[in-house]
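Work the whole structure out from these sequences, hints included.
Chain order of the listed sequences is A and B. So that you can map any letter, position 108 of the first sequence is 108 in my numbering, and since no number is skipped, the others follow by simple counting. With positions in the second sequence counted from 1, the corresponding number in my numbering is that position plus 117.
These aren't lab readings, by the way, just hints derived from the structure by calculation. Watch out, some of these pointers could steer you wrong.
Said to hold, decoys possible - DEER-style ranges, computed between Cβ atoms:
#: 1; chain 1: B; residue 1: 570; chain 2: A; residue 2: 95; range: 43 to 53 Å
#: 2; chain 1: A; residue 1: 27; chain 2: B; residue 2: 531; range: 52 to 62 Å
#: 3; chain 1: B; residue 1: 496; chain 2: A; residue 2: 27; range: 35 to 45 Å
C-beta atoms are modelled at their ideal positions from N, C-alpha and C, and glycine is treated no differently.
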Amino acid sequence: MTRVDPQKFIPLKAHWFHIMLSLAGEEQHGYGIMQEVLNRTTGKVRLWPATLYGSIKRLIEAELIEESDERPAPELDDARRRYYRLTPLGKRVLDAECERLQELVRTIRVKQAAVTE
Amino acid sequence: MNFAWRIYRRLAQAFPHEFKLAYGTDVTQLGKDVVEEITKRQGVAGLIRLIADIAIRVPVEYLSEMRRDMRYALRALIKSPGFALVGIISMALGIGLTTNVYSSKWALIFRDLPAAANAKKLVMPEKPVSYYYIEQYREQNSLFAGVAAFETGIPFNVTFQGDVGGKPERVFGQLVSADYFSVLGVQPQRGRVLSPEFEKPGDAPVVVISDRFWRNRLNSSPSAVGQILRLNGQIATIVGITPKDFHGALAVNPAELFVPITAQAGVAPELANDVLHQHNAREFLAMMCLAPGVTIDSAEAALDAITRRLDDQDPSLPPRTDKGRRVTLLPAGTRVPIPRELRPVLAGFFVALMGLVITLACMNLANMLMARDANRRKELAIRLAIGASRFRLVRQMMSEGILLSLLGGLAGFVLAYWLSVLNSRFMPPTAVPVETNFHLDWRAAIFAFGLALVCGVGFSLAPALQATKADLTPALKEGSMLQLPGYRRFGLRNLLMVAQVAASLMLLLMTGFLVMGISKTSSVQTKFDPGTMYLLSIDPVRDGYAPEKAQAFFENLSERLKTTGRVRSIALAAQAPFSIDNDEDDATPMTAEDSAESSRVQQSVIEETVGAGYFATLSEPMLAGREFEERDQRSQADGSKTLSLPVVLNATSERKLFGNENAIGKRVKDGMRSYEVVGVVPDLKNGVGISQSIVYLPLTPRDFARPSAGGITVLVRSGAGPDASSGIRNEIAVIDPKLNIFDVQTLSDYLERSRSSTRFSVQTYGGIGAFGLVLAAIGLAGVTAYSVAQRRKEIAIRTALGASRAQVLRLVLREGAALVSVGTVLGFLGAIAMAKILSALTNIFVEALRVGINDPRLLIGAPVLLAAVAMLACYVPARRTAQIDPLKALREE
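This is how it looks when you write it as structure tokens:
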């Protein structure tokens, strides 16, 4: 298999970034992703349903996320829902994007420091 | 909230099938989960956003599927480049030709005059009238919002400011009344246009120039307005520039200069003799803008009554008692005014023509798609079986057709562009420039694109529907014969094949008739080498000569040229010999005065004006009598009207006017005066090989004083040898170096140019006919190959049972042969019918068609050729069947 260069996806679209970030470390279903993003951004970013699934479809096509066949513990499982998780490529892309954003923040800090001095 | 939820659910159902299959439930579920919470948190605004989100997403998903379809189609086309190429070329031909017709013919006849705001309300009488009549028309305020007078096709010898020593350029323009621009509704792009407030008789001459004149001859100079031009030697100031694309009324003869008719006579010989006040000088065209609420019919009726009254008051006119309309109003807001009753006929003809061409191309496309889709039946059946929606499959298959069609449309647009460029290069040599072809504009581009889209959708829909109609079970059975609807019967595909063969044969035969006919008839037989005759035109009056001086100049010129030694003979004429300017529309009614009662009916003849020794210079012997002499040329010098002019008839006009009687010494008359027949000459065909009935009038001082748009043509016969034209030019330059000599060419060049435009169009259509044949052959080959592939098993069994190769071949070819023969017979009959109709409609091709249609080479050759090609196309794939190894084929099954 040829290794896809994560840089090809950078910078990530805002929706994609939020979805992938909420899948970092845990598997989620659509509703969970939506709630997680909403909580994380204190209600500032809401992924509307059609947009959310449109993005999920494209993320799957781009092989950044995939449907998970593992189900959570039965008491937490919602049988109606499908769970998604990051693919290895998705993880690398998310890492690369986070790295890019951190770099950006560092640059801004340096600049701010220079201005305030 | 409930309402919003219902809309949401409805929209969720509208997603494309595949998306719905994968995420439909999730989207609905999630919506249901959040709708309450959103209402609580954000109220109505939140609900609106929820619905807006899904409403935007639905088309986005469709677009993304379409993009995928297109990519898929592109890949499929790249994989079979031959198929793609034939499809694209076929569509390109169809769309290119249709766009060409649309952008040239259609635009010429139906599109409003550019930049004329009143185009829809413009009308004009068919015939020119005297200025006095126009003044009377102008008073009908209840009928017309305005009435302008103009003369078109007026040549001006133009010298530019600061170019005193330079030779003048010959530029065509119009003489217009001051209200011309306001009647048309034309605003200047710079400066001002003429207007009754500014233009007064006897004012310093002014001129309005066209945008084209400004760009091409003044290099778009920003200081053009106010510049001085010399028109025919007289000074005129540029006061304004017309808008882009405005070339005057009757723009088929584009005008670059607009000179007021109130200008002094020196500016244009057409204005000499106080022509505005001559009641019998019927030289002006009227252009009228209808008053609000007035129909063209009521205007025509009223105008007819007024004209009758004016005619009755005119003592110079013979009393008339005719009942018919004397005035016919034409809608004049287009480049070519055509009679009202002809408009629907022409529109129908062009729509039918465009429809025929495009249908032919589309049929080919549909046919190819159908054969190809049939090969994918199994793939389609599998996809249908595993849950693909039929709609989706149809869309995917259609995208291939649409893509082909769009690519074809693009290529077709290029073809149309190329045709328009070529067409403008092959302009026939007319005295007044004619512009019938326009460069493609955005309208043509939209037309081509729309056509491509409609054709792509229309003609790929049927094959796609048919291909996905398959009954799943037999299609999926391994190795089984597929059920093919309409395969043996007179199905859609067979119909297409027959139509295609018939149409290509029709096109091929029609062009064949014309090519053969034209090559046979159009070779004008001169009795000498046409390369040794030089034609050149001079228009001394427009170089500032007085009429008498101009005539003296020509007499002097003849003498001088004859003394140079190289010149054998020389003659003058008001038009080039074998002229193609003579339209049947310009025919003059003429009557034999003292012939037998029975033949004293009006005959329409064409009048040509020629000087002394004209026929001798052309080496044409007189059939009877004499030709014009120097004294005829001068005979009118005393200006007496009573003196009768001599005329020479050609054989056709003599037969028309006098039957079998001897015409010499008899008299004929046209509307103006009476003539004595002094000679008869054989028919001289015109440049495209048509014999017309021509009456030759002598050149008179009036012709020298007011030459026609082509000036005076000098025919010089020289001995064989090197190019003599520069010698002739030098000789003229000795007499007057400032004289403008134009249209210098040998007779053979002139004849060649006359024929080239006809030949070009005939060859183009011939090429298309031939290409249509090739396309038809490819289509046939595809159909045969397809049917052969379907019958592999049957053929294998037959071969195994002892059928010979020839028998198998015959079996396969039978079907193709039936299609080809039906198509051939239909096409043959169609071509004959079309040739008859065409000869009845226009007289241009009558002669050519008559000759061509009787040519056995064509009548037998073309269908045989077509049938042979078509059969070859069937044979090649059929031969493969005969080579089928029965064992192998049966084992595969």
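Going down the list of hints, with the structure as the test:
Taking the beta carbon of each, residue 570 of chain B and residue 95 of chain A are about 46 Å apart, inside 43 to 53 Å as hinted. The hinted window of 52 to 62 Å between residue 27 of chain A and residue 531 of chain B holds, with their beta carbons roughly 55 Å apart. Our hint of 35 to 45 Å for residue 496 of chain B and residue 27 of chain A holds, since their Cβ atoms are close to 36 Å apart.
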